[in-house]
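Visitor: Spelled out from the first residue to the last, the chains are:
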Amino acid sequence: MSAIRTFNVEAGLPTLDEARRLVIEEIKQAKRAGARVLKVIHGYGSSGTGGKLCVGLRKSFGLRKKEGVIKNFIAGEDFSIFNDVVLALLEAVPELRGDPDLDATNEGITILWLK
Amino acid sequence: MTEQEFRAAYPLIAGWIQNTLAQHATAAKPVASLGFSRLPQYYDAELLASSRAVAVARVPMPPLSAMGLSRFSDFERMDAGGITYLNTYFVRADHAADESLHFHELVHVVQWRLLGPEKFLRLYADGLERLGHRKSPLEEMAYSLQHRFDHEAQPFSVEATCQKLLGDTNK
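Just so you know, the sequences run in chain order A and B. Numbers 27 to 141, taken from my numbering, label the letters of the first sequence in order. Numbers 373 to 543, taken from my numbering, label the letters of the second sequence in order.
Please note: incorrect hints may appear among the correct ones.
[As the list claims (entries may be wrong)] Lysine-lysine pairs mimicking DSS-like chemistry, simulated, CA-CA at most 30 Å apart:
(1) B:401 / A:92
(2) A:57 / A:78
(3) B:401 / A:91
(4) B:401 / A:141
(5) A:141 / A:91
(6) A:97 / A:141
(7) A:97 / B:401
(8) B:491 / B:536
(9) A:78 / A:141
[Unchecked claim] Covered by chain B, per the in silico footprint, the following chain A stretches (three or more residues, Cβ under 8 Å):
(10) 109-119
(11) 125-133
Calculated from the structure, these hints are not laboratory results. Positions of the beta carbon are idealized from the N, C-alpha and C atoms, including for glycine.
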């Protein structure tokens, strides 16, 4: 069992609605598998497929947090040890310290901290 | 660098350092809060709690040319991974999780502390001028201890080691 799972939602070129559904399903599966963190690869940009997924999914992650489905989420560009939420997450999931996206300012991902 | 040149430049550099640290004070984090697992085996808790780290896109270098020290312009233009001023060091954001880099900069924090600002800057400038950045004695010490951190399993006290090495340098 791995505490960290990665889901490349961008790979199947889904619409935003499809991507939302896929991510929700992946969150459920990850939780069932005992994962603590789900790294979602959605691409980046202010427009285009990557941009739409990035902006739209991050909005929905905010809702999932409010609903209590996830504990928190961290945009890839904020995934730094200088971020207090990240530090708390790293304490809970020390394996994440070895993640290549840590401090890589990767706008194309979002880290979901699962409950 | 003559004594006269150093005397003229020192207040300018010290002032620039104070301003730079003040500008970044809110972003500076105690190193102890960054959660590194190996650093506490090499540095005492007080040093890790009192030292500050700042992640930046590009580390701030003193405008030495504008201070009349144009022979250090190569150093000024360096895109370094980290740089230390007094108890605070800056690391490039894309290296911010590199524990080895934090170790290196903390060696400089210890050097600043043991030597005091004036002596640190005098020694650093002298080494930089005579031998270049990588081979200057204070950098050489930091790189050598960093090499031990990277390759040896047995922890050691950096402060005690620096004290001894700086004592030997001053003999």
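Visitor: Where does the structure disagree with the numbered hints, that is, which hint numbers, in rising order?
Guide: No numbers; nothing is violated.
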